[in-house]
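A.B. asks: Residue-level listing of the chains:
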Amino acid sequence: MSTAAVELVGLSKSFGDVTAVDGVDLTIRDGEFFSMLGPSGSGKTTVLRMIAGFEQPTSGSVHLAGQDVTGRPPFARDVNTVFQDYALFPHMDVLANVEYGLRVKKVPRPERRERAMAALDSVQLGDLAARRPTQLSGGQRQRVALARALVNRPRVLLLDEPLGALDLKLRRAMQLELKQIQREVGITFVFVTHDQEEALTMSDRIAVFRDGRIEQVATPADLYESPTSPFVAGFVGTSNLLDGGAAQTVVGRPGMFSIRPEKIHLGDDVRDGDATAPGVVQDVVYLGSVNHYLVELDAGPTLTVLRQNLRGTTDEAMALRGQRVTVGWAPEHVIELGPHQQLEKEES
Amino acid sequence: MAQQHPPPGGGAALRSGVLHRHPRLRLGLLLGPPMLWLGVLYLGSLAALFITSLWSVDAFGGNIERIWNLDNYRDLFTLDVYRTITVRTLLIAASVTVIDAVLAFPVALYMAKVASPRLQRILVIAVLTPLWASYLVKAYAWRGMFASGGPLDSVGISPGYGLAATVLTLSYLWLPYMILPMYAGLERLPGSLIEASADLGAGTATTMRRVVLPVLFPAAVAGSIFTFSLTLGDYIAVKIVGGANQMLGNVVYDSFLTGNNLPFAAAVATIPVAAMLVYLAAVRRTGALDSL
Numbered sequence: 009m010s011t012a013a014v015e016l017v018g019l020s021k022s023f024g025d026v027t028a029v030d031g032v033d034l035t036i037r038d039g040e041f042f043s044m045l046g047p048s049g050s051g052k053t054t055v056l057r058m059i060a061g062f063e064q065p066t067s068g069s070v071h072l073a074g075q076d077v078t079g080r081p082p083f084a085r086d087v088n089t090v091f092q093d094y095a096l097f098p099h100m101d102v103l104a105n106v107e108y109g110l111r112v113k114k115v116p117r118p119e120r121r122e123r124a125m126a127a128l129d130s131v132q133l134g135d136l137a138a139r140r141p142t143q144l145s146g147g148q149r150q151r152v153a154l155a156r157a158l159v160n161r162p163r164v165l166l167l168d169e170p171l172g173a174l175d176l177k178l179r180r181a182m183q184l185e186l187k188q189i190q191r192e193v194g195i196t197f198v199f200v201t202h203d204q205e206e207a208l209t210m211s212d213r214i215a216v217f218r219d220g221r222i223e224q225v226a227t228p229a230d231l232y233e234s235p236t237s238p239f240v241a242g243f244v245g246t247s248n249l250l251d252g253g254a255a256q257t258v259v260g261r262p263g264m265f266s267i268r269p270e271k272i273h274l275g276d277d278v279r280d281g282d283a284t285a286p287g288v289v290q291d292v293v294y295l296g297s298v299n300h301y302l303v304e305l306d307a308g309p310t311l312t313v314l315r316q317n318l319r320g321t322t323d324e325a326m327a328l329r330g331q332r333v334t335v336g337w338a339p340e341h342v343i344e345l346g347p348h349q350q351l352e353k354e355e356s
Numbered sequence: 082m083a084q085q086h087p088p089p090g091g092g093a094a095l096r097s098g099v100l101h102r103h104p105r106l107r108l109g110l111l112l113g114p115p116m117l118w119l120g121v122l123y124l125g126s127l128a129a130l131f132i133t134s135l136w137s138v139d140a141f142g143g144n145i146e147r148i149w150n151l152d153n154y155r156d157l158f159t160l161d162v163y164r165t166i167t168v169r170t171l172l173i174a175a176s177v178t179v180i181d182a183v184l185a186f187p188v189a190l191y192m193a194k195v196a197s198p199r200l201q202r203i204l205v206i207a208v209l210t211p212l213w214a215s216y217l218v219k220a221y222a223w224r225g226m227f228a229s230g231g232p233l234d235s236v237g238i239s240p241g242y243g244l245a246a247t248v249l250t251l252s253y254l255w256l257p258y259m260i261l262p263m264y265a266g267l268e269r270l271p272g273s274l275i276e277a278s279a280d281l282g283a284g285t286a287t288t289m290r291r292v293v294l295p296v297l298f299p300a301a302v303a304g305s306i307f308t309f310s311l312t313l314g315d316y317i318a319v320k321i322v323g324g325a326n327q328m329l330g331n332v333v334y335d336s337f338l339t340g341n342n343l344p345f346a347a348a349v350a351t352i353p354v355a356a357m358l359v360y361l362a363a364v365r366r367t368g369a370l371d372s373l
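Protein chains in written order, with our numbering: chain A, 9 to 356; chain B, 82 to 373.
Isolated chain A, as found in the complex (with noise of 0.2 Å):
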């Protein structure tokens, strides 16, 4: 069992009278992608911000490698970040932006720029190295801050929303690439995102903030099938809720309970053994691949349900507007969310 690479320990931030993070206890293994998954505003950035130095916590503690870091400048932690405007040194260009962690930390000259120029090439921007940051764009920047901060070889990378001004195409082969990246080099990374998809995509393990604190740590299939809170059913992919006396009604006991659009079988399709329930199409929504339909369950819950668009024509799909249908699902796909009494703390 290799120590952690990071350990929070009751980490607490306040701005004036607004708790930006309350309480927040977590590890993060060595050598894991690790996601910290949240709306804006759920504490993740400041969160980040700690571990790294720029904040200093109003209460709690940070550990490196099992060190106490709490109180350490940014300057003095083996850590290193990818910010989120990139924030490329403009008066320098590619290369002595890369060059410039080991240039302050007086690495000889030949090493630093062997270094640099592996690094630009590992992010395929060798021949760029000695462009201006403003001659960049978008994604040759968010490059050259991953290469700048890899080539100090930290022990946990820190990236906040990295991907965040990318266009969506750009986004899913960078999501890869960094994916890549931190199985190759085997450095512990820290990934800020609101994207639940692409913490889906890369993560070893994910954290869901919310209001500052830590909903629930898992790893993404966990976290998709098996959410503890409504929070984490609805923010992590599309979930149905049924509760109350739908969840009698339906599920046939008292609680709360969520599945999953694509686990819902409609009409022809409902097989043997499913449960099953009434009700009525309200509307299909045409996506090319998968349809969504929108079914109001007789029991009062609506229900989203996902079918991929094997067969049939699309026009015989928006027929069932308006049409009455039974929906089932496997028993076991059903989530148990916990306890009732989470709705009245969810609707206050």
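In case anyone wonders, no lab produced these hints; they're calculated from the structure.
Positions of the beta carbon are idealized from the N, C-alpha and C atoms, including for glycine.
One or more hints might be untrue.
[Stated by the list, open to error] Derived contacts from chain B toward chain A, CB cut-off under 8 Å, selection only: (1) Ala-182; (2) Ser-273; (3) Val-292.
[Unchecked claim] Partial selection, computed: residues in chain B whose CB lies under 10 Å from chain A: (4) Pro-271; (5) Gly-272; (6) Leu-274; (7) Ile-275; (8) Arg-291; (9) Val-296; (10) Phe-298; (11) Ala-301.
Since the structure of chain A is already known, use the hints to place chain B on it.
C.D. replies: Positioned in the frame of chain A, the structure of chain B alone reads:
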């Protein structure tokens, strides 16, 4: 077509249509008056200055003789007193610029990066307010400060009237012109650059030297253009706090008013103009003007 069917708006619409179809005419009307002002009045007066400097004065009648000659410039370059005054003026201008830059940097840094938005506004007003006060009032206030028996003298640190007093007074007078461009420059510097430098292992001093100062350089150059040129042309402060010392401005003033020698005054006045042109050319070579 346009003549057969005039637009419904009548004359005004027709005129704006003409302007719309003739971008050059539009540009000419827009820029004509200011260009005329700049070209005729500003460059014209500079040209007149230069031409006058090539004439001379009738020794008896004191009238200007329009005979081309370089006598004024020969006097300027051969007589020691003028060389001394030129060097002194340039040194004062350089000292004022350096002192202002050193004083303005921490003030601007605090205003732009540390102070709360409210305090920031208050400080900007505080920096601007002295510009509303009369030059003479401020200069005489400093005369009082340097006077024997004055506040500085009573604590034993008054340099007395002289060049040091002149440099201090001018540094005070032109300080806002250095603080404001530096403040603007630092405000544009993203905080994340400073964080990135620290994150990459640089201590505070290294971050200042390698990130903040280089990014700030164009702003400091912009400020130095003000402090340098304003000092070069000044002749009042040195009269009030400078004791018997003279700067180029005093020579111009005295040649014209006391000596009644307008051509020689014009020749002296070309020195600061030339110095400023050299300075601007040097600044241009550093590339600082590109990022203004």
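A.B. asks: It remains to establish, for every hint, whether it holds in the given structure.
C.D. replies: Consistency of the hints with the structure:
1. Checking Ala-182/B against chain A: minimum C-beta separation of about 18 Å lies over 8 Å; hint violated.
2. For Ser-273/B, the interface hint holds, since its Cβ comes within 8 Å of a Cβ in chain A; the closest pair sits about 4 Å apart.
3. Interface restraint check: Val-292/B against chain A, minimum CB-CB distance 6 Å, threshold 8 Å, status holds.
4. Proximity of Pro-271/B to chain A holds as hinted, the smallest CB-CB distance being about 7 Å (cut-off 10 Å).
5. A distance limit of 10 Å between C-beta atoms decides the matter here; for Gly-272/B the minimum to chain A is near 9 Å, and the interface restraint holds.
6. Among the interface hints, the one on Leu-274/B holds; its C-beta lies about 5 Å from the nearest C-beta in chain A, closer than the 10 Å criterion.
7. A least Cβ separation of about 9 Å between Ile-275/B and chain A falls short of the 10 Å threshold, and the interface hint therefore holds.
8. At a threshold of 10 Å, the smallest CB-CB gap from Arg-291/B to chain A is about 7 Å, leaving the interface hint in force.
9. Residue-level restraint check for Val-296/B holds (minimum Cβ-Cβ distance to chain A is 6 Å; threshold 10 Å).
10. The beta carbon of Phe-298/B is positioned within 10 Å of a beta carbon in chain A (closest approach about 8 Å), and the interface hint is therefore held.
11. Taken as an interface hint, Ala-301/B does not check out: its beta carbon lies about 13 Å from the nearest beta carbon of chain A, beyond 10 Å.
The structure does not agree with the numbered hints 1 and 11 stated previously, though it agrees with the rest.
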